[in-house]
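Visitor: Here's the letter readout for the chains.
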Amino acid sequence: MRTYTLILVAALVTFSLRALPFVIFSGQRTMPAWLERLGQTLPPAIMAVLVVYSLRDTVDGGSAAAAGLIAALVTALLHKWRHSTFLSIIAGTGLYMLLLRLL
Amino acid sequence: MAFKTAFQKSLPIFFSYLFVGMAYGLMMNEAGYAWYTALFTSFTVYSGAFQFVLITFLSGGASYLTVALTALLMNSRQTFYSLTFLEEFKAMGRRKLYMIHTMSDETYAVNCTLDREDPARKDIMFLVALLSRLYWMGASVIGAVLGQVLPFDLTGIDFCMTALFITILVDQWDKRKSHFEPIAGGLVGVLCLLVFGKQSFILPALLLVSGLILLRGQPRKTGKEGSA
Numbered sequence: 001m002r003t004y005t006l007i008l009v010a011a012l013v014t015f016s017l018r019a020l021p022f023v024i025f026s027g028q029r030t031m032p033a034w035l036e037r038l039g040q041t042l043p044p045a046i047m048a049v050l051v052v053y054s055l056r057d058t059v060d061g062g063s064a065a066a067a068g069l070i071a072a073l074v075t076a077l078l079h080k081w082r083h084s085t086f087l088s089i090i091a092g093t094g095l096y097m098l099l100l101r102l103l
Numbered sequence: 001m002a003f004k005t006a007f008q009k010s011l012p013i014f015f016s017y018l019f020v021g022m023a024y025g026l027m028m029n030e031a032g033y034a035w036y037t038a039l040f041t042s043f044t045v046y047s048g049a050f051q052f053v054l055i056t057f058l059s060g061g062a063s064y065l066t067v068a069l070t071a072l073l074m075n076s077r078q079t080f081y082s083l084t085f086l087e088e089f090k091a092m093g094r095r096k097l098y099m100i101h102t103m104s105d106e107t108y109a110v111n112c113t114l115d116r117e118d119p120a121r122k123d124i125m126f127l128v129a130l131l132s133r134l135y136w137m138g139a140s141v142i143g144a145v146l147g148q149v150l151p152f153d154l155t156g157i158d159f160c161m162t163a164l165f166i167t168i169l170v171d172q173w174d175k176r177k178s179h180f181e182p183i184a185g186g187l188v189g190v191l192c193l194l195v196f197g198k199q200s201f202i203l204p205a206l207l208l209v210s211g212l213i214l215l216r217g218q219p220r221k222t223g224k225e226g227s228a
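Protein sequences, first through last, are from chains A and B. Counting along the first sequence from 1, when you hit position 40 you're at 40 in our numbering, and nothing is skipped either side. Counting along the second sequence from 1, when you hit position 50 you're at 50 in our numbering, and nothing is skipped either side.
Derived from the structure by calculation, the hints contain no laboratory data. Among these hints, one or two may not hold up.
Said to hold, decoys possible - Label-pair ranges, simulated between beta-carbon atoms:
no., chain 1, residue 1, chain 2, residue 2, range
1, B, Tyr36, A, Ala33, 45 to 55 Å
2, B, Phe180, A, Ala33, 17 to 27 Å
3, B, Arg216, A, Leu73, 25 to 35 Å
4, B, Gly197, A, Ala66, 16 to 26 Å
5, B, Arg94, A, Leu77, 41 to 51 Å
6, B, Ala34, A, Ala33, 45 to 55 Å
7, A, Ser63, B, Arg216, 12 to 22 Å
8, A, Leu87, B, Leu187, 27 to 37 Å
9, A, Arg82, B, Phe7, 21 to 31 Å
10, B, Lys175, A, Leu102, 32 to 42 Å
11, B, Gly93, A, Leu20, 46 to 56 Å
12, A, Trp34, B, Gly60, 38 to 48 Å
13, A, Pro32, B, Tyr98, 19 to 29 Å
14, B, Thr113, A, Trp81, 10 to 20 Å
Nothing here was measured: the structure is a model prediction, and the numbers come from that model. Just so you know, even glycine gets a beta-carbon here, dropped at the ideal spot from N, CA and C.
Assemble the whole structure, with the sequences as input and the hints as a guide.
Guide: Given below as structure tokens:
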């Protein structure tokens, strides 16, 4: 039973965090202009942080770190060149899986 | 048509969630929990990295306070995501609560790639959210039930999420005039990773980069809301 109540507490906190801005700016109260602008300018900043986040194991070093950085760089260059999301993801992930096994 | 677009957009999430979700189910199974407990967690919490931490809390007998505080620290980044889609979710009626609950790193990223002019935009967002959550719940169950007997080695397939984030970043870079935000995000992210370590750097990084963007601001308009 305790397992499930603990899970529900975790669920409640997580949902509340996602809902917080909606609670603060509910009904007629609208977002102030600076916050609205922040919301619109944040995506590229968040995406850059998420790239760092998904490569965070790099700080442990080793061949997995090298594989991650090489595959990330190749993905970025390939995408800059061909602009095909599908190709970039397949090639990047394939290269990473290959490097993990070769390095 | 909306479904086709949503399904295509959700494919990187599919592969990532399939692998990571199965790993989650497998670990729950190894910690002694049944598939329905894994499913219950994926259904109610729906938060990748935190669910892994939660396993050790559940089996280690952690307090409610520990669980609540860790959820707060690990998931408060998602408060930032809501800022981008506040007005749109508000206009989604009954589906609003579902959109809020299902906001993850991955659905946020995919939502950022959707065409602003597409009339089916809101339906696509909803379907991406629905599909992604189904992938995650399904993978948790598969992992918990048969993770140990799976014959192929999929190690590394979760890189498709990294690759998705990179492609979105490159597209945003090409589309927007200002490159201050991605550069600041990258530098601050690496700096915080080195200072705070990989477990806890994402929240300070998001706070710091938001602060930088606000400080830099836009050319100040005069006579508008008298903040100093």
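Visitor: All the hints need checking, so say for each whether the structure fits it.
Guide: Do the hints match the structure? See the list:
1. Range check, Tyr36 (chain B) to Ala33 (chain A): about 48 Å between beta-carbon atoms, so the 45 to 55 Å window is met.
2. Here the CB-CB span from Phe180 (chain B) to Ala33 (chain A) is close to 19 Å, well matched to the stated 17 to 27 Å.
3. About 28 Å separates the C-beta atoms of Arg216 (chain B) and Leu73 (chain A), a value consistent with the hinted range of 25 to 35 Å.
4. For the pair Gly197 (chain B) and Ala66 (chain A), the beta carbons lie near 20 Å from each other, so the given range of 16 to 26 Å is met.
5. Arg94 (chain B) and Leu77 (chain A) have their C-beta atoms about 44 Å apart, which keeps the hinted 41 to 51 Å range intact.
6. Between Ala34 (chain B) and Ala33 (chain A) the beta carbons are some 51 Å apart, a value that agrees with the proposed interval 45 to 55 Å.
7. For Ser63 (chain A) and Arg216 (chain B), the Cβ-Cβ distance of about 39 Å falls outside the hinted range of 12 to 22 Å, so the restraint is violated.
8. Range check, Leu87 (chain A) to Leu187 (chain B): Cβ separation about 28 Å, and the 27 to 37 Å hint holds.
9. The hint said 21 to 31 Å for the Cβ distance between Arg82 (chain A) and Phe7 (chain B), and at roughly 22 Å that hint holds.
10. In this structure, Lys175 (chain B) and Leu102 (chain A) meet the distance hint of 32 to 42 Å, their C-beta atoms being roughly 35 Å apart.
11. In this structure, Gly93 (chain B) and Leu20 (chain A) break the distance hint of 46 to 56 Å, their C-beta atoms being roughly 20 Å apart.
12. A hinted range of 38 to 48 Å for the beta carbons of Trp34 (chain A) and Gly60 (chain B) is consistent with their spacing of about 43 Å.
13. Against the hinted window of 19 to 29 Å, the Cβ-Cβ separation of Pro32 (chain A) and Tyr98 (chain B) comes to about 27 Å, which satisfies the hint.
14. For Thr113 (chain B) and Trp81 (chain A), the Cβ-Cβ distance of about 19 Å falls inside the hinted range of 10 to 20 Å, so the restraint holds.
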